[in-house]
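Enquirer: Chain by chain, the residues:
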Amino acid sequence: MATMTDSPLARLSPEQLDAFGRELDAIHDEIFEDLGDRDRRYITSMVEMHRRLVVIGRVLLVAARYKPAWVAGTSLLSLGKILENMEIGHNVMHGQWDWMNDPQINSSNWDWDAASTAEAWKYAHNYIHHTYTNILGKDRDLGYEIMRIDPDQTWNPVYLLQPAYNVLLAAVFEWGVAMHDLDLGAIRRGEKSKAAAWHELKGMGRKARRQIVKDYVAFPALSGRRGFKSTLTANLTANVIRNVWAYMIIFCGHFPDQTYTFTEAEAEGESRGAFYVRQLLGSANIEGSALFHVLSGNLGHQVEHHLFPDMPSTRYAEIAPRVKDLCERYELPYNTGPLFKQLSTVQRTILRLAFPGGSRRPKPGPYHAGHGSSAPSIGAPSTVPDPGPTGPNGSGPEQPTDGVRVTIPPRD
Amino acid sequence: MPEIGARPRVPAWRLRLLRSVRAFFTPLLPDDYLELINPLWTTRELRGRIERIERETPDAATVWIRPGWEWPGHEPGQYLRVGIVVDGIHHWRAYSLTSEPDRADGWIAITPKLVEAGKVSPFLVRDARPGSIVRLGGVEGAFVLPRALPDRLLFVSAGSGITPIMSMLRSLRAADALDDVVLLHSARTPHEVIFGAELRELAVRHPGFRLHEQHTGHRGRLAPEDLERLCPDWREREAFLSGPADMLDAMAAYWEREGDRPRLHMERFQPVIGLPDAPHGEGGDIDLSVAGVRAVSDGTTPILVAGEQAGATLPYGCRMGICHTCVGRLCSGQVRDLRTGKVSGLPGEMVRTCINAPEGDIEIAL
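These protein sequences, in sequence, are chains S and R. Numbering (this note's numbering) for the first sequence: 222 to 633. Numbering (this note's numbering) for the second sequence: 19 to 384.
Check each hint, because a few of them may be wrong.
Stretch-level coverage of chain R by chain S, calculated; a stretch enters the list once three of its residues show a Cβ under 8 Å from a Cβ in chain S [said to hold, decoys possible]: (1) 19–31; (2) 163–172; (3) 192–203.
Incomplete in silico selection of chain R near chain S, CB under 10 Å [said to hold, decoys possible]: (4) Arg37; (5) Thr44; (6) Pro45; (7) Leu46; (8) Thr60; (9) Arg62; (10) Gly101; (11) Gly149; (12) Met338.
Hints are computed from structural coordinates only; laboratory data are not their basis. Ideal Cβ positions, reconstructed from N, Cα and C, are used throughout, including at glycine.
So here's chain S without its partners, still in its complex pose (with noise of 0.2 Å):
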């Protein structure tokens, strides 16, 4: 695998990495310390609002057999759905809302409304991906194992049909993560016990039961049997335009032409620095209203989640103009575009590499305020300012302690 000499990663000196990642470790300390009933009221509105989504939702779709009545309450539910799985359980999940204390908003007991269990969803998701976030061989988010994402991922046949089964798993991406989840070639490879996986597919089994029971058995059967098949149908298109909304926030965080992979020789025994740098140059924002990152869950802040996934998601907005100045300042790219722009990089990228060679898309140079990223400006003398031997430290971020294990390299 070809080193990428290019990458803004090599280009500054361990003391500027260190530099950055104290910079980035303040901005960290001073949003926790600062959280509080502000936070807690707008994830517990949040939840509420769910909720009453659901409720109404519901309700409306006992008469789903009324057309009428069968668009209101299919919108309603696929909006409540995508709000627990986007905003509220993966961020939950993450541990963002430990820091309450409250024995329900949890990461250590959350479920959500998706086909993964929260154990297995939260190892594959929470340690794996985000702690080897783009590093080819090693981050399994990259392509999900099934998709040739990226040109140093080596070909085989099988990715011709990669057009084809990407729109079929944007339809039932729910199942798409719960299988990868489970990780079945970890035990091909010796790395899963037979216990281990038996009792994680016993999990899945359950949870899927439970699942499937709730949306194509027990709310249709409410509806009599007149109804039955309109509120299944009702229930199974709320399930798949959540499918699709979280596959296309998803395949933006980390797919557009704008973010960097990784070989594992590059990441070897990165720095705390070191590790934020790759962490923003991994993953890719979205551009959107307010409305528009409720619904992804603010994971179109994907940035400043992959900078501090433990941060509760409404102070990514708040921090990324911060980000941003860093950025400006050690010469970093800032990777952001509207969403049609990054979904159609993404899907450029499927069709193209589903065959073989390809050669990495042009990469954004340093991020300048006014006019985003300008063009690359390899070679070009850096002006980063070197540190000081001053700068804020103090203990690390808060690890959650229960439910959420993610390993970042330590302070010094």
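Starting from the known structure of chain S, arrange chain R on it as the hints suggest.
Expert: Chain R alone, transformed into the frame defined by chain S:
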């Protein structure tokens, strides 16, 4: 997992009904929706609604709480863990129950004294209003009135130490058993006597109840030697002491020297683990398998503290064995309960790390 309220006593039919409709709510529970209508309806934990707040002194207030489900009862003198949200964060504190156990209205009361630098007492004493919802945790404490009431009782208290004793007095009153009871209570001024009016009225109405108020701002502290003067027959009384540690220590020494030590009962508001005279073993190595940390305990250090000293971030709540926030699954080895000295441990058992020390080497999933 964070600390949660006690399991409420819910009628079985209601639990069956809720279970029967779970398929519609999975992965949530019917409770998650019901509590949006009324937060007291959840069957997952006991909550209470603050009904009335009575100011006792400038810095203490009695908070009357109506539990969402039938109050399971308590022994007079026990304390209750109360969970409230302050600036977005749940905090838990233990307060002596000051109400008698079986009130007709089912209410319970706690009487927190303001701790200026604290989180929970400023909320309860200053900010709480009728209608606020609190979480109600476990009831604990061995400082209780004996079931078979002694003929003669002596209570000695100081400051907010009166709170567990108030529950005892109220339940004696309810049982019409204030026959030969002496209370020696210390506070700085008459104004600062918590339950002052109620105590004085009790003394007027019940000839069998004698109250001595020691106003320390004016007359100095109550010394053990004062007992001879204030309650000459103190040696023949079952005595209950509650107050600051130095008062308890002085009194305990006096009882040891001059009286009948087994008749003295004391409330110490500190965790009762690791007392120098508590039985302890040799300790051992601790393998915290999930945290990936190895720690060592000398046999007097709880697993939690040893783990923290070894650099692990471990879950904890009360740190005194009540709330079960800190539990870990014992994979191998045995543990000793530092409160009782009892050794136990079967593989797979859930043990509280805050009150148990390893008895030999252990592995614990935490």
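Enquirer: All hints are to be evaluated individually against the structure, with a verdict given for each.
Expert: Hint-by-hint comparison with the structure:
Requiring three or more residues with a Cβ within less than 8 Å of a Cβ of chain S, the coverage given for the stretch 19–31 of chain R holds, as 5 such residues are present. With 0 residues having a Cβ less than 8 Å from any Cβ of chain S, the stretch 163–172 of chain R misses the three-residue criterion, and the hint is violated. With 0 residues bearing a CB less than 8 Å from a CB of chain S, the stretch 192–203 of chain R misses the requirement of three and the coverage assertion fails. With a cut of 10 Å, the hint placing R:Arg37 at the interface with chain S is violated, because the nearest CB-to-CB distance is about 13 Å.
Taking 10 Å as the C-beta contact cut-off toward chain S, the hint placing R:Thr44 at the interface holds, the least distance being around 4 Å. For the restraint placing R:Pro45 at the interface with chain S, the shortest Cβ-Cβ distance is roughly 4 Å, inside the 10 Å limit, so the hint holds. Proximity of R:Leu46 to chain S holds as hinted, the smallest CB-CB distance being about 8 Å (cut-off 10 Å). With a cut of 10 Å, the hint placing R:Thr60 at the interface with chain S holds, because the nearest CB-to-CB distance is about 9 Å.
Given the 10 Å rule on beta carbons, the hint for R:Arg62 holds: about 8 Å separates it from the nearest Cβ of chain S. Checking R:Gly101 against chain S: minimum C-beta separation of about 8 Å stays under 10 Å; hint holds. At a threshold of 10 Å, the smallest CB-CB gap from R:Gly149 to chain S is about 17 Å, leaving the interface hint violated. At a threshold of 10 Å, the smallest CB-CB gap from R:Met338 to chain S is about 17 Å, leaving the interface hint violated.
When held up to the earlier numbered hints, the structure conflicts with 2, 3, 4, 11 and 12 and fits the remainder.
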